[in-house]
Amino acid sequence: MRDPHYAFAYLDERTKRMVRRALLKAVAIPGYQVPFGSREMPLPYGWGTGGIQVTASILGPKDVLKVIDQGADDTVNAVNIRRFFERTAGIATTERTREATILQTRHRIPETPLAERQIIVYQVPVPEPLQRLEPREAETRRMHALSDYGLMHVKLYEDIARYGHVSTTYDYPVLVNGRYVMAPSPIPKFDNPKIHMNPALQLFGAGREKRIYAVPPYTKVESLAFEDHPFEVQRWSRPCVLCGAVDSFLDEVVTDDRGGRMFVCSDTDYCGERRGRKAAA
Amino acid sequence: MYVAVKGGEAAIDQSVRLVAEARRGDASVPELTLQQIKQQLRLSVDRVMTEGSIYDPDLAALAIKQAAGDLVEAIFLLRAFRATLPRLGYTLAVDTASMQLQRRVSAIFKDLPGGQVLGPTYDYTQRLLDFSLAAQMGTVPICESAEAQMGTVPDASPVLELLDQEGLIERQAPAAGDPAPGDLTREPLRFPAERAVRLQNLARGDEGFLLAMGYSTQRGFAHGHPFAGEIRYGKVQVELVPEELGFPVAIGEIELTECQMVNQFAGSKTEPPQFTRGYGLVFGHCERKAMAMALVERALRAEELGEGVESPAQMQEFVLSHSDSLEASGFVQHLKLPHYVDFQAELELVRKMR
Amino acid sequence: MIPILAVAGLRKSYGKRLVLADVDFDLWPGDVLAVVGESGSGKTTLLNCVSARLRPEAGTIRFLTRHEGQKDLYALSEAQRRLLARTDWGFVHQNPSEGLRMNVSAGANVGERLMALGERHYGRLRGAATDWLARVEMDAARIDESPQTFSGGMRQRLQIARNLVTRPRLVFMDEPTSGLDVSVQARLLDLLRSLTRDLGLAAIVVTHDLAVARLLAHRMLVMKDGRAVEQGLTDQVLDDPQHPYTQLLVSSVLQP
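Protein chains in written order, with this note's numbering: chain D, 732 to 1012; chain Z, 270 to 623; chain Y, 409 to 664.
The set of hints was computed from the structure by calculation and includes no laboratory data.
From a predicted model like this one, the values you see are computed outputs, not experimental measurements.
Certain hints may be false.
Calculated Cβ distances over 12 angstroms to all of chain Y for the following chain D residues [stated by the list, open to error]:
1) 737
2) 752
3) 761
4) 792
5) 811
6) 819
7) 829
8) 847
9) 879
10) 927
11) 951
12) 958
13) 964
14) 1003
Computed cross-link-like contacts, DMTMM-like style, restricted to lysine to aspartate or glutamate with a CA-CA straight-line distance of at most 20 angstroms [unchecked claim]:
15) 886/D <-> 615/Z
16) 747/D <-> 339/Z
17) 424/Y <-> 452/Z
18) 886/D <-> 553/Y
19) 621/Z <-> 963/D
20) 379/Z <-> 364/Z
21) 605/Z <-> 392/Z
22) 886/D <-> 552/Y
23) 424/Y <-> 576/Z
24) 307/Z <-> 573/Z
25) 886/D <-> 805/D
26) 756/D <-> 456/Z
27) 747/D <-> 456/Z
28) 424/Y <-> 439/Z
29) 621/Z <-> 890/D
30) 605/Z <-> 953/D
31) 621/Z <-> 983/D
32) 925/D <-> 953/D
33) 605/Z <-> 805/D
34) 886/D <-> 648/Y
35) 424/Y <-> 573/Z
36) 886/D <-> 527/Y
All C-beta atoms in this analysis are idealised placements derived from N, C-alpha and C, irrespective of residue type, glycine included.
Using the sequences and the accompanying hints, generate a full structural model.
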């Protein structure tokens, strides 16, 4: 039941309108970081306030919300955020990717492919892909405006010269719609291919840094690479120990203090669904 | 057989119960009242109001109680609360020149009209632990109230006007057309930031950070030859002009600490050599923050005044991006959140590279 | 023939001090112009103004673009000027660490402009870097080393390579050999001379050293107190100076 002391989904209508305007701009310019008047939320900056503000601004009473962190529905951060929306919006929530109309995620894209009319909201800590190379916002703003991305490619070149391959494994920068370089949030690069031509609407919220950006459905999104050193995803040598999947991102779980390890799907819904099917078969 | 760790909700509920217990402490000890916090921890209340960007001592006291004395946590509570409040209107700019003074000192003149009013401050105490405070019901000598003292002070106009009469200090006029200042509580910070926005950012910035930045300017990282022109502490009227009335109506009083720093400047094509200003303003009584703010504020004007930007305190992007205690605390502490998926990716890479 | 750079009426002040007053000159394609003077003469300010790093308060600077004829530099947008600076122009700083990325490898330094222009083939980038390192007489085996480990002379060669990789038509140089050992200077000057000749570069070289002017430049401009007091063919100006100040300069050069 919704807590009547708060507006629907906590934010007042003026704030929602401000966020929605930013979202519209973001969708109109894929990959471009739109500054917005991020508010202090009841969770700290850095803990998903951007994602929460985006979700709160698009949520309606009939929506079904799924919240995941590291691919799982029951990590403490996901639980906290889901309860926040249950309390302030009273909407239905689910752990099933297929049943959600809005998915808020931290650090993963679900393995189950998304469909048209679904919206996925990413929590973003650092929206500026160039920040580690150039901390000044005035400079990076100019670089984006002038498509001056030489610095980014220099970093990739250096990695190849030094290690033989690019050393970035998460938050791997992408080129959106052939124009803007974007930070996809700290998803493992394994997930990058899912951003490309996705039928769902993808929204990105950075509360602390106060930026919103978007990738509309069916947008071309390419991970930065060299022609002769193409982008590659991680592969595991063994399947998930619980469901047998060979195509999902696996978490490494320490089972004993003698080096015992096992590998299980990071996406708990995907793994559970596969196990359910196997049991039914 | 491996079973996925479940029960996050139950663990969270238990954690919330534990922190509520920890906050209360020993139940046989009397519970803190908001009045006690407001009265006897007033300087904590002042800081929380300033960085929380809301003048409400009762709310600040509540936040401090709820946060078990963690002031940054209390500031967070106030800011989050403030974010839900509707904006009713805008007051006129407060007139610190007509402040009802409890304290007014200047380091640049030995004596001045209105005198040096020392007021309530720890500045002249010796920092010896007073064990009599450990006992309850300590007697405090009754002092002639500040209001009564002010009756004997005929003219307490701002010290800097004395310098201004000789044309020795820069004028502080609003920009052409008197544009409305940007509102950091509504809009994101963009660079380069104009002075009004910088001042807002610093006013609600973390005291410790600004203190360190201000200190750095005194130690060679952008030396500005600062002098404490005037420090004022006292009450000011807050006035609003309701549309229906068309004239100002006093809606209350707030306590402010204001610091005006005087710095040197070599002059330019259009200006002869003059003193320049640095400005600091906080709610309640905190001279440390007001003074640090004034030092940093002046350092950030380096570019505007044609000085080279070399030290961190002069760099807008460095100072203004890192001054907010909520942003800093949130992001630093977010490292406690699960990062095992990103870490997994790194683990694979390091293994591969060995 | 149209000058590659046409400068007229250039003026710049710092506060009350007039640093450049009514400077005019033309630079022709493939010509090297030396701007000489003492420190404080305004020669560095002149270089910064004509290379769009500093905005003059009066005067025009017209550049002959590759495909669109002559353009007033300040009629272009900032984006267009930045593109020009990355492709058709080069700027060699006196202190090479200002013109290099000191924390990335030599190869990355040389390849950066190509990457900014869209080159996405690592092998080709590396090939271009190797090629240019050889052209500036550096050991190509050092392609993966950081300039932090290079001597001053090597850093300067790297800076030159980094600038020339996009085959600019106009290069600005600010005291390119000062601060280097005399013997190193001589070799670097030789390199600059052959490069400007082989590539048909137009260049403006600021220097306080008349010997550098003699060696590198076809034409020379003498600055004093913000004014151009004399200009002409280098040999003529040095062998038969007209202006009293130029005569003073020339006569005070120590003969070996």
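Structure-based check of each hint:
no.: 1; hint: 737; result: holds, 46 angstroms
no.: 2; hint: 752; result: holds, 27 angstroms
no.: 3; hint: 761; result: holds, 20 angstroms
no.: 4; hint: 792; result: holds, 47 angstroms
no.: 5; hint: 811; result: holds, 40 angstroms
no.: 6; hint: 819; result: holds, 45 angstroms
no.: 7; hint: 829; result: holds, 38 angstroms
no.: 8; hint: 847; result: holds, 32 angstroms
no.: 9; hint: 879; result: violated, 6 angstroms
no.: 10; hint: 927; result: holds, 18 angstroms
no.: 11; hint: 951; result: holds, 16 angstroms
no.: 12; hint: 958; result: violated, 5 angstroms
no.: 13; hint: 964; result: holds, 19 angstroms
no.: 14; hint: 1003; result: holds, 41 angstroms
no.: 15; hint: 886/D <-> 615/Z; result: holds, 17 angstroms
no.: 16; hint: 747/D <-> 339/Z; result: violated, 31 angstroms
no.: 17; hint: 424/Y <-> 452/Z; result: violated, 37 angstroms
no.: 18; hint: 886/D <-> 553/Y; result: holds, 14 angstroms
no.: 19; hint: 621/Z <-> 963/D; result: holds, 14 angstroms
no.: 20; hint: 379/Z <-> 364/Z; result: violated, 25 angstroms
no.: 21; hint: 605/Z <-> 392/Z; result: violated, 40 angstroms
no.: 22; hint: 886/D <-> 552/Y; result: holds, 13 angstroms
no.: 23; hint: 424/Y <-> 576/Z; result: holds, 16 angstroms
no.: 24; hint: 307/Z <-> 573/Z; result: violated, 41 angstroms
no.: 25; hint: 886/D <-> 805/D; result: violated, 37 angstroms
no.: 26; hint: 756/D <-> 456/Z; result: holds, 16 angstroms
no.: 27; hint: 747/D <-> 456/Z; result: holds, 14 angstroms
no.: 28; hint: 424/Y <-> 439/Z; result: holds, 19 angstroms
no.: 29; hint: 621/Z <-> 890/D; result: holds, 14 angstroms
no.: 30; hint: 605/Z <-> 953/D; result: violated, 31 angstroms
no.: 31; hint: 621/Z <-> 983/D; result: holds, 16 angstroms
no.: 32; hint: 925/D <-> 953/D; result: holds, 10 angstroms
no.: 33; hint: 605/Z <-> 805/D; result: holds, 16 angstroms
no.: 34; hint: 886/D <-> 648/Y; result: violated, 53 angstroms
no.: 35; hint: 424/Y <-> 573/Z; result: holds, 17 angstroms
no.: 36; hint: 886/D <-> 527/Y; result: holds, 14 angstroms
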